[in-house]
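Student: These are the residues of each chain, in order.
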Amino acid sequence: MSTSPPATHDAAYRRKLLFLLSSATFFEGYDNFVLSFVLALVLVDLGGTEAQAGWIRAIVGLGGFVGFVLAAQADRIGRKRLLLFTILGYTICAALTALSPNIAFLTGAQFASQIFLASEWAVAITMVTEEFPRNERGRALGIVTSMNTLGGIAVGVLAFVFGLLPFDVSWRIYYLLALVPLVLIAIGRRSLLETERYSVLQRSEAFERLDHVGLLEPWKPAYRSTVTTVGIVTFLRHAVAASASFWWAYYAQQEVGMSVSLSGLYLAAAGVVGAVGFFVAGRLMDRFGRKPVFEAYMLGTLVFGTWLFQIHDELLMLPVLCLAIAFGLGSVAVTSAFSTEPFPTYVRSRAAAWCRNAFEIPGAIVAPLVVGLLGDHVSGAIGSIGDAMSLTVIALIPATMWIAWRYVPETKDANLVAMDEAVST
Amino acid sequence: MKRGVLAAALLLLVLPGCASRERPEGIVERWLLALNQGGAGEPLRYAEVDVTNALVPEWRSAEPGTFDVIEVGKGVPCVRGPIGCEARVPFRVELVDGREQRMDAFVVSGPPSVDRHRRVGALVSHDETLALPSGGGEPIESVQVPGLLMAAGIGLALVFAGEALMRLIRRATPVIDSSVSRVETPRGGDHA
Numbered sequence: 001m002s003t004s005p006p007a008t009h010d011a012a013y014r015r016k017l018l019f020l021l022s023s024a025t026f027f028e029g030y031d032n033f034v035l036s037f038v039l040a041l042v043l044v045d046l047g048g049t050e051a052q053a054g055w056i057r058a059i060v061g062l063g064g065f066v067g068f069v070l071a072a073q074a075d076r077i078g079r080k081r082l083l084l085f086t087i088l089g090y091t092i093c094a095a096l097t098a099l100s101p102n103i104a105f106l107t108g109a110q111f112a113s114q115i116f117l118a119s120e121w122a123v124a125i126t127m128v129t130e131e132f133p134r135n136e137r138g139r140a141l142g143i144v145t146s147m148n149t150l151g152g153i154a155v156g157v158l159a160f161v162f163g164l165l166p167f168d169v170s171w172r173i174y175y176l177l178a179l180v181p182l183v184l185i186a187i188g189r190r191s192l193l194e195t196e197r198y199s200v201l202q203r204s205e206a207f208e209r210l211d212h213v214g215l216l217e218p219w220k221p222a223y224r225s226t227v228t229t230v231g232i233v234t235f236l237r238h239a240v241a242a243s244a245s246f247w248w249a250y251y252a253q254q255e256v257g258m259s260v261s262l263s264g265l266y267l268a269a270a271g272v273v274g275a276v277g278f279f280v281a282g283r284l285m286d287r288f289g290r291k292p293v294f295e296a297y298m299l300g301t302l303v304f305g306t307w308l309f310q311i312h313d314e315l316l317m318l319p320v321l322c323l324a325i326a327f328g329l330g331s332v333a334v335t336s337a338f339s340t341e342p343f344p345t346y347v348r349s350r351a352a353a354w355c356r357n358a359f360e361i362p363g364a365i366v367a368p369l370v371v372g373l374l375g376d377h378v379s380g381a382i383g384s385i386g387d388a389m390s391l392t393v394i395a396l397i398p399a400t401m402w403i404a405w406r407y408v409p410e411t412k413d414a415n416l417v418a419m420d421e422a423v424s425t
Numbered sequence: 001m002k003r004g005v006l007a008a009a010l011l012l013l014v015l016p017g018c019a020s021r022e023r024p025e026g027i028v029e030r031w032l033l034a035l036n037q038g039g040a041g042e043p044l045r046y047a048e049v050d051v052t053n054a055l056v057p058e059w060r061s062a063e064p065g066t067f068d069v070i071e072v073g074k075g076v077p078c079v080r081g082p083i084g085c086e087a088r089v090p091f092r093v094e095l096v097d098g099r100e101q102r103m104d105a106f107v108v109s110g111p112p113s114v115d116r117h118r119r120v121g122a123l124v125s126h127d128e129t130l131a132l133p134s135g136g137g138e139p140i141e142s143v144q145v146p147g148l149l150m151a152a153g154i155g156l157a158l159v160f161a162g163e164a165l166m167r168l169i170r171r172a173t174p175v176i177d178s179s180v181s182r183v184e185t186p187r188g189g190d191h192a
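Residue numbers (the working numbering), protein chains in the order written: chain A, 1 to 425; chain B, 1 to 192.
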């Protein structure tokens, strides 16, 4: 198998690639946040109740899970083609959302959006893993994953700007505005190349022999242990991160007594500061390895995640929120490496899709629901969202640390070329 | 046998957690949150219409986000109050223009005139002895040592479950893929 890279996959190309891939995670953050943000306005405009809002959230969330099937196609049709397909699909869905005549239509458009966004994420981190040399991979993953948080902050910035305008701005504008950069990115992505690793594999004799289609290929004995371990770790980590993200504003407003505007300001500020956590994780994992950095980040999550939901002082809240975001959300840079680097190219995208879409996304659906049920102020067994959240952190994070330390393979020095050659022979 | 005993013990631990009751503070809070959504929030699920009208007269046509702050404190059993009164719950709301209202809600039960059996039946001026959490008062609920122990126990159970699952999988799949992590190559990249 040839390992010579085409001349076009140079540092300048990788910088461009990083920019174009970052949009995938940016718009995932944007889309997830904008729906929560405008849902109340949507209900008034299109007519709907809070109970229906719960259904909208659940159905839209399922789209991310279904996205698993689409993400897995990157091993069959190639990374570049799927990436172009997903940005096109997401752009159309954003336009359809903006034009929604009723709640059912909006739910359908957002469900489809999530399918494309979830697949785009899996393909984006697969491409980063395959295109960046080992000593830069962590940094690149840190940058791409951090954009998710910045996408959420962009919604807050837009809301702030719209608030200064002398007239009311429709919720539809949030989706229409997203179309402009999306179209530009779609055009930019046409100049992307297929990843070097996938191209080499495609030219090899082994390509025909290997299974590029089967969704269960990552579950064959050679990979089963790693997929299970990484799946459990991503499920538990994301269960905590997603429920904390979902419930913090509620906790701050209902249990601490902070105003909507102050909690929004805190979230935006902490999101910007917390994004540093992604970059630092990327740098550190290139230097010290994936597992030590993950363990350190999980320890930070355990301490600051538990503390955050016990604070009743507005001043103390901000620094602890920054640290909780930096450690809790920043660790996704490491789990992105966990879910791609241990697998050979022919199955990598499907493995990443299993780890993220089939484990991580269900964690994000189930955990906020459980915290909500336990912490419900009317009938919850715990009766406090803050306490339910702190107890969730205490219950889940030590198990995450243990399983990761014991069973996730360290891939800092993993050689993707050697791995592909081993599979081919 | 041992597994049966273990399962029964776990069930005994978990079942009390499933037991639920209706906290009057939660009903007041849901009413205020629903009211903050305007008509879409359907606040009449939680309170009488005249009570709702008294707090936000034009709630049916109001835009979402009337309140910037909603804070509910720990309630006390009714000493005086309307018929069927169960609890007196302090709350404060701060409007987006900065105005603040502090009141106490009487949560009543009885023949329902709204969807919910327990509901906000009346509003009265705030009793200063009922402090809100932001003023140093008690939160609606707070976690106790048994709760912490249970969370730690669940964490420990998850560790054992994860360990058992991974051992089972590794025993069933003798081809261990950890070899990929031990490829000795010089630092600097996979590109030749």
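For the record, the hints were derived by calculation from the structure and aren't laboratory data. Wrong hints could be hidden among the right ones.
Residues from chain A that face chain B, not an exhaustive set, calculated with beta carbons under 8 Å [as the list claims (entries may be wrong)]: (1) S36; (2) V44; (3) I92; (4) L96; (5) L150; (6) S225.
Where chain A lies over chain B, by a calculated footprint (3+ residues, C-beta under 8 Å) [unchecked claim]: (7) 24–32; (8) 52–61; (9) 74–88; (10) 135–148.
Even for Gly, the Cβ is constructed at its ideal location relative to N, Cα and C.
Student: Name the hints, by number, that the structure is in violation of.
Tutor: 1, 3, 4, 5, 8 and 9
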